[in-house]
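Chemist: Order-wise, the sequence lines are chains A and B. For the first sequence, position 77 matches number 77 in the working numbering, and the numbering has no gaps at all. With the second sequence counted from 1, adding 1000 to any position gets you the working numbering.
It is possible that some hints are incorrect.
[Said to hold, decoys possible] Label-pair distances were calculated between CB atoms; the ranges are: (1) Ala1029(B) / Thr28(A): 51 to 61 Å; (2) Gln82(A) / Pro1007(B): 35 to 45 Å; (3) Gln1089(B) / Leu81(A): 51 to 61 Å; (4) Gly1034(B) / Thr28(A): 24 to 34 Å; (5) Thr1128(B) / Asp5(A): 38 to 48 Å; (6) Glu27(A) / Gln1100(B): 15 to 25 Å; (7) Glu27(A) / Phe1012(B): 30 to 40 Å; (8) Thr28(A) / Gln1089(B): 41 to 51 Å; (9) Gln79(A) / Arg1030(B): 20 to 30 Å; (10) Gly1018(B) / Pro19(A): 49 to 59 Å; (11) Asp1252(B) / Pro35(A): 39 to 49 Å; (12) Ala1014(B) / Pro35(A): 49 to 59 Å; (13) Ser1224(B) / Glu61(A): 43 to 53 Å; (14) Gln1089(B) / Thr83(A): 49 to 59 Å.
For the record, the hints were derived by calculation from the structure and aren't laboratory data. All values reported here derive from a predicted model rather than from experimental measurement. C-beta: ideal position from N, C-alpha, C; glycine also.
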Amino acid sequence: MTTLDSVKAIIGDVLQLGPRQDILTAETPLLGNMPELDSMAVVALIATIEEKFGILIDDDEVDASTFATLGTLTAFVEQKLQTA
Amino acid sequence: MGMTSFPMEAFFLAVGKGTRFCIYHPPSARSNLGLAAVFVPPFAEEMNKCRHVVAQAARRLSGLGIGVLLIDLLGCGDSSGSLEDATWQHWRDDITLGTQWLRDRGHERLMLWGMRAGALLAMDMAVTVPEVYERCLLWQPVLSGETCLVQFLRLSIGSDILSGNKAGVSIKGMRAQLERGEILEIAGYRLTQALAADIAAMTLERFSPPCPVHWLEVVTEDGSGPSPGASRVVQSWRAAGVEVRLITARGDAFWSVASAEELVQCPALVDATAHEAESWT
């Protein structure tokens, strides 16, 4: 599984997207586009990413731009994995 | 699973001036193996999200002839004291107390069953007194106490995490408050620096288990493998010669405090646990 697939699966899982998860691509906008992605869902999403990848995300490393698209979020995770 | 229900016992264990609330699921009379598990609970609010699934698994283990003791640690659940009185050492003492209680009940074989942050405490105990526990069952273990602490603190930040300026509350700010000796109240729990520092210092990887480990991870899709983080720790344990079974069970994150309000079931995890236990003869 690529990092993008893993992140996609985590989003589908946390937001309970069901089959809608399958149509997500790197360009799919997340924040502001998905009604399910409210503030608590963002917290849950960060926690799940931390646990699945075994990384720690500092609150000053993320802002709205991190969650702009599936691609930006995946790039953030990949960069974290490289520096972990 | 038959329809027979085994009588569970709920009671308070006396400790100094306080008490610890316990629930004991005795092994079914027909197939008593002499084996019993002490359940080491998740941290803070996660425990309340888990009790129902833990109770289901405890009843299944009981039916297989394995006793289970569920103990609320100092400052948690229905035990005495407040979380601000608790340290990691107190919790270790509580697990020792529960273990001794099971011995007094005639259990000669003992094991630990740790969930989430409780897996860190369980592995800490297993490494500290390697002669006591013959195996460990881990449910969705927390890999890093540091991450666990940050996630707990983050509960009080919520949506502010994306607000760019971070002028209000921040993880760094809260940790600085703790270091100054302030007590933080988060989701009704009063957290001290002593406990926060103890939790943050724990990582699962550094405990090389002295006994076989059954690691059960909940995954949302059938056939998807264990998470990269879990695989990494298991790999390092195996390299050190530890016998580890890494099993995935399909279900949702029923322990998650950030998710929906209602309780989530996880029957596949209960089934997988019973399946693992069939080899503990």
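Chemist: None of the hints should be skipped; say for each whether it holds.
Modeler: Hints and how they fare:
| no. | hint | verdict |
| --- | --- | --- |
| 1 | Ala1029(B) / Thr28(A): 51 to 61 Å | 57 Å, holds |
| 2 | Gln82(A) / Pro1007(B): 35 to 45 Å | 55 Å, violated |
| 3 | Gln1089(B) / Leu81(A): 51 to 61 Å | 35 Å, violated |
| 4 | Gly1034(B) / Thr28(A): 24 to 34 Å | 56 Å, violated |
| 5 | Thr1128(B) / Asp5(A): 38 to 48 Å | 40 Å, holds |
| 6 | Glu27(A) / Gln1100(B): 15 to 25 Å | 60 Å, violated |
| 7 | Glu27(A) / Phe1012(B): 30 to 40 Å | 58 Å, violated |
| 8 | Thr28(A) / Gln1089(B): 41 to 51 Å | 48 Å, holds |
| 9 | Gln79(A) / Arg1030(B): 20 to 30 Å | 57 Å, violated |
| 10 | Gly1018(B) / Pro19(A): 49 to 59 Å | 52 Å, holds |
| 11 | Asp1252(B) / Pro35(A): 39 to 49 Å | 20 Å, violated |
| 12 | Ala1014(B) / Pro35(A): 49 to 59 Å | 52 Å, holds |
| 13 | Ser1224(B) / Glu61(A): 43 to 53 Å | 27 Å, violated |
| 14 | Gln1089(B) / Thr83(A): 49 to 59 Å | 34 Å, violated |
Checked against the numbered hints given earlier, the structure breaks hints 2, 3, 4, 6, 7, 9, 11, 13, 14 and satisfies all the rest.
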